[in-house]
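Student: What follows is the residue order along each chain.
Number of protein chains: 2
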Amino acid sequence: MPIAVTDPDDPCIEAYRAVRERDLVGRQHRFIAEGEVVLRLLLKQSRFRVESLLLAENRLESVADALNQLSPDVPIYTANRAVMDTVVGFPIHRGILAVAQRAPLPPVGDMLSRLPETALVVGLIGLANHDNVGGIFRNAAAFGAAAVLLDQETCDPLYRKAIRVSVGAALVVPFTRVASADAMVQALQDASFDVVSLSPSGREILSHVQPSRRTALLLGAEGPGLPADLLARTRTVSIPMSGGFDSLNVATTSGIALHHLSTAGR
Amino acid sequence: MPIAVTDPDDPCIEAYRAVRERDLVGRQHRFIAEGEVVLRLLLKQSRFRVESLLLAENRLESVADALNQLSPDVPIYTANRAVMDTVVGFPIHRGILAVAQRAPLPPVGDMLSRLPETALVVGLIGLANHDNVGGIFRNAAAFGAAAVLLDQETCDPLYRKAIRVSVGAALVVPFTRVASADAMVQALQDASFDVVSLSPSGREILSHVQPSRRTALLLGAEGPGLPADLLARTRTVSIPMSGGFDSLNVATTSGIALHHLSTAGR
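Keeping their order, the protein sequence lines are chains B and A.
Our numbering puts the first sequence at residues 812 to 1077.
Our numbering puts the second sequence at residues 812 to 1077.
Read the hints as simulated data drawn from the structure, not as lab findings.
Fair warning: there could be bad hints in the mix.
What the hints assert, rightly or not - Pairs of lysine to aspartate or glutamate, EDC-like flavour, derived with a Cα cap of 20 Å:
| no. | chain 1 | residue 1 | chain 2 | residue 2 |
| --- | --- | --- | --- | --- |
| 1 | B | K855 | B | D884 |
| 2 | B | K855 | B | D876 |
| 3 | A | K972 | B | D942 |
| 4 | B | K972 | B | D942 |
| 5 | A | K855 | A | D876 |
| 6 | B | K972 | A | D942 |
As the list claims (entries may be wrong) - Taking beta-carbon pairs under 10 Å as the criterion, some of the chain B residues facing chain A (in silico):
| no. | residue |
| --- | --- |
| 7 | G946 |
| 8 | R949 |
| 9 | L1017 |
| 10 | H1019 |
| 11 | I1050 |
| 12 | M1052 |
| 13 | S1053 |
| 14 | L1059 |
| 15 | H1070 |
| 16 | H1071 |
| 17 | S1073 |
| 18 | A1075 |
Quick reminder that beta carbons are idealized off the backbone N, C-alpha and C, glycines included.
Sequences are here, hints too, so could you generate the full structure?
Tutor: Structure representation (structure tokens):
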């Protein structure tokens, strides 16, 4: 049964207070998910435990079928728009929020060793933009990537906006962090992955690449790209572009490369 | 010589007043470009006449070399941040703005007849999101598309944010509007273009498509997609995706398709 909240200061909904300010600080053990598409994935497909929901009264009916999948001990709070906006701190047009617990990040070696013999993995180095990381997760899900590896400088896929841009894929595609870019390459090579680094200076052209059964695609930030010592240790691939124009957005690049690597030779 | 403006009410810089409010209304004969990368393309590669510039004092030096290309009768206004922010109506972090005149949109038949025998063209149907249109122009430039055609429902590529997301490509890739999606297909077929419509229900798979010398790629909005009668009259192509996940972003889709169409068979 939904619990109607009428007082914006009700301590029950403390977790939903000042969402943006807390986004900036970062949440250690929890994350916030918003919107209907993301909520449905969170309840149906993801590995995260939901702690509570906060719904605008007029959104309750549209997600009622999905709420049946929720354990009865998870509180569903409802509020009118004025109370919801006051608690959250800005107009929350989608009217749907959830708080869930982060899952422990597995050691990269364990994660890779459990993957099937044919697998595509994405590795992100220094990607500090939430839109790009969200977009890459969306593409990773669309092309069936088995996992995403993040270095320490890559931003949090469970940041609210990254989840939204990923259309919920950040909740679905398994990911973990590694200590450094070097450690990422080492772990991938130890697990028999052919490591493909995308770079404007790449020696092979993407459209000619025949992927191996286990292939990892490494992507760096748009300005600096991937470090030279990493390129020296991996298979470097470029996407030829028309003369003189600025390079592609990195999320678009991930889509182009994942499309090729998941379809080439099939 | 730059003209220092100290009074936010100075009528010289009227064109820069309340930028966001005027963005929403739309500008009939002019557009606003912002940021250094976009300014450099506007001055160097684009077909648009610049009317004036407004620069934060501390940005003047960083673009001094590009300003040499400017006709001496184009005024360059400078202001400190406080004056600039007051005029514009919000903090303009990039500190670089230009006002330029729109160019007349050529009739689609004229535009297509002037293209070379080998050409890739993009057609957009009902794309109302400025980020997506900007991203598609960026990809069109990266893969050497010769032109972009827009139906009446597709938003303005010269909207400030669309230009920014395109990294200036909206100023460089030629475009025009057509009366309807039907008229677009007709004009393309009259000009001997093989019209490829991307759709989840497409009969061919993108990675197997061998493009013709003159190929046009049609893209529709993420929800509704392209209309059924248009699909019936064109070559329909799909991008296979992993089971059950939401479709790709349309800008990413354009990058994947343009990459394939510009490299297949080469």
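Student: Now tell me, hint by hint, if it's right for this structure.
Tutor: A quick look at each hint next to the structure:
For the given pair, B/K855 sits about 17 Å from B/D884 by alpha-carbon distance, which is consistent with the 20 Å threshold. Annotation: proposed proximity of B/K855 to B/D876 holds, straight-line Cα distance about 11 Å (limit 20 Å). Restraint check for A/K972 and B/D942: satisfied, since their Cα atoms lie roughly 16 Å apart, inside the 20 Å limit. Taken as a hint, the B/K972 and B/D942 pair is honoured in the structure, with Cα atoms around 7 Å apart against an allowance of 20 Å.
Our distance criterion of 20 Å between C-alpha atoms is met by A/K855 and A/D876, whose separation comes to about 11 Å. Annotation: proposed proximity of B/K972 to A/D942 holds, straight-line Cα distance about 16 Å (limit 20 Å). Hint on B/G946 holds. Least Cβ distance to chain A is approximately 7 Å, under the 10 Å limit. For B/R949, the interface hint holds, since its Cβ comes within 10 Å of a Cβ in chain A; the closest pair sits about 7 Å apart.
Satisfaction of the interface hint for B/L1017 is found here, the shortest Cβ-Cβ separation to chain A being roughly 8 Å, below the 10 Å cut-off. Contact between B/H1019 and chain A, as hinted, is supported at the beta carbon level, the nearest pair being about 9 Å apart and thus within 10 Å. Satisfaction of the interface hint for B/I1050 is found here, the shortest Cβ-Cβ separation to chain A being roughly 7 Å, below the 10 Å cut-off. At a threshold of 10 Å, the smallest CB-CB gap from B/M1052 to chain A is about 5 Å, leaving the interface hint in force.
For B/S1053, the interface hint holds, the least distance from its beta-carbon to any beta-carbon of chain A being 3 Å, beneath 10 Å. The restraint placing B/L1059 at the interface with chain A holds, with a minimum CB-CB distance near 5 Å, inside the 10 Å limit. A hinted interface residue such as B/H1070 counts as satisfied when its beta carbon comes closer than 10 Å to some beta carbon of chain A; here the least separation is about 5 Å, so the hint holds. About 8 Å separates the beta-carbon of B/H1071 from the nearest beta-carbon of chain A, less than 10 Å, and the hint is met.
The closest approach between the C-beta of B/S1073 and any C-beta of chain A is roughly 8 Å, which is under the 10 Å cut-off, so the hint is satisfied. Against a cut-off of 10 Å between C-beta atoms, the interface hint on B/A1075 holds, since the closest Cβ of chain A lies about 7 Å away.
Of the hints listed earlier, there is not a single one the structure fails to meet.
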